[in-house]
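Line by line, the protein sequences give chains P and U.
Here the first sequence is numbered in my numbering, starting from 1 and rising by one per residue.
Here the second sequence is numbered in my numbering, starting from 1 and rising by one per residue.
Keep in mind that the hints were calculated from the coordinates and are not lab data.
One or more hints might be untrue.
As the list claims (entries may be wrong) - Some chain P residues judged to face chain U by a derived CB distance under 8 Å, without partners named:
| hint | residue |
| --- | --- |
| 1 | I254 |
| 2 | E255 |
| 3 | S256 |
| 4 | N302 |
| 5 | N309 |
| 6 | P311 |
| 7 | A401 |
By construction, the Cβ of each residue, glycine as well, lies at the ideal position given by its N, Cα and C atoms.
So the chains spell out like this:
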Amino acid sequence: MASRYSIFSLLKESFRGHRGWAPAWRDPEPQPAYDFIVIGGGGHGLATAYYLAKNHGARKVAVLEKSYIGSGSVGRNTTIVRSNYLMPGNIPFYEHSLKLWEGLEQDINYNAMVSQRGVLNLFHNDSQRDACVRRGNSMHLHGVDGELLDRDDVRKLLPMANFDNARFPIHGGLLQRRGGTVRHDAVAWGYARAADSLGVDIIQNCEVTGIRQDGSGVTGVETTRGFIASRRIGMACAGNTSRVAALAGLRLPIESHLLQAFVSEGLKPIVPCVVTFGAGHFYISQSDKGALVFGGSLDMYNSYASRGNLPLVEEVCEEGVALMPCLSRVRMLRSWGGVMDMSMDGSPIIDRTSVDGLLLNAGWCYGGFKATPASGWCFAHLLATDQTHEVARAYRLDRFASGRLIDENGAGAHPNRH
Amino acid sequence: MRIPCPHCGPRTLDEFTYYGDATVRRPSATGPDAEPAFYDYVYTRANPFGLHRELWFHQGGCHEWLVVERDTRNHDIKGAVPARSVCGSGDAR
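Next up, chain P with everything else stripped away, as it sits in the complex (with noise of 0.2 Å):
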């Protein structure tokens, strides 16, 4: 590693006015050959190449990406972490991406700002209260925290929400402490740098155009700067994986989707943890800098264009101000989209392909960035040992043809309805 992150660096840094810091990750050349290529080099790329040196001593591989890292949806996230899920296949998985997020900074030597504020979801009938214990009760099945809050319990936490809504009354929450947020570009810089300090090249500017095989599988990518040989591919391409893996002649049950987030100017501290709103679509944290983060559903229809269009603004401001009243005030500082990769049961594939060699990594819909740690160190298990991880064991690809589908919402197959 070129030079540890500490305190001491940092006040040694601090005298001599900061001219002393190295650049965090190298910008190599790509070699003719590679033990391990991952395609993307957003979070669930690099966390990928990172596990693969650091827990199976991988010491050949390329991370190739097509713009700058951290460029895709790593930096267009709500940065919240959780592992409240409800069926089996997914539980164990997320629990395992938080406990990873607990020690990450530590880890990996870089401030990533993990931030434990809790995870709290509303609920505003009965009937959304029982689903609320019974996704609380599979939790606690599966080791995971979580807590049944009452209406007074969230009005200390929350005191500026609608608790009298004439339509959707607060009637309680779904808390789970340990939820809570990360500070996205640190993820993608901090996994880079760790990455690079294990001898992994992170190749950015260069885009996969074509994935060579022969008769026994996969042999190399083409790309912008040239053909690269590896036999063993992972492709973690996040809302352009259907693109990659068509380059192979993959079709996928998958969709790239269009999700708005918001931030707003920065206000004193009024929201102190993750609150979903559970009458619609809405989730809104508060940032250390004071700016309220939030975001609703998905604009609905198929794109890439990582932007969106304005009646899902004005869809999710309305499901805001239906929370927070005091919301309708606020000026909102900026908006932007990402493109999500949405699978037919809003669950992620972490899998082999039918190509020989080619793996993928896909489906996160929009709960990818929470995954990242998880989905770095199961996806670099399986490219290493060819194993599937047990926490990631659901995460197949033929399970759609086999239907063993692991569906969250109960919405089918529309992936923009999960």
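Keeping the supplied structure of chain P fixed, place chain U upon it in accordance with the hints.
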């Protein structure tokens, strides 16, 4: 984004409901390859980066189902026609 409804003219997006890819066709349930064909029909999608033919329902207008051709890179809409004029009666084509 405004969708040029052939009956109502250009209308705002929130009058419409999106259904999805208009190119998939329900396969024959009795064919020899019915199982893989239904897997493809229900689950796999081309998900193109570029022109996409897709179904929209004009819920807030004439209640016509439309096939809209739209560029997924920039939301540029090339045109919209009534679905019945291109999709036929629902037979596999």
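Taking the hints in turn, this is what the structure says about them:
For P/I254, the interface hint holds, since its Cβ comes within 8 Å of a Cβ in chain U; the closest pair sits about 6 Å apart. Annotation: interface hint on P/E255 holds; nearest CB of chain U at approximately 5 Å, less than 8 Å. The criterion of a C-beta within 8 Å of any C-beta in chain U is met by P/S256, whose closest approach is roughly 6 Å, and the hint holds. The beta carbon of P/N302 comes within 5 Å of a beta carbon in chain U, closer than 8 Å, and the hint placing it at the interface holds.
For P/N309, the shortest C-beta to C-beta distance to chain U is roughly 5 Å, which falls under 8 Å, so the interface hint holds. Look at P/P311: its Cβ gets to within about 4 Å of chain U, closer than 8 Å, so that hint holds up. For P/A401, the shortest C-beta to C-beta distance to chain U is roughly 5 Å, which falls under 8 Å, so the interface hint holds.
Of the numbered hints listed earlier, not one is contradicted by the structure.
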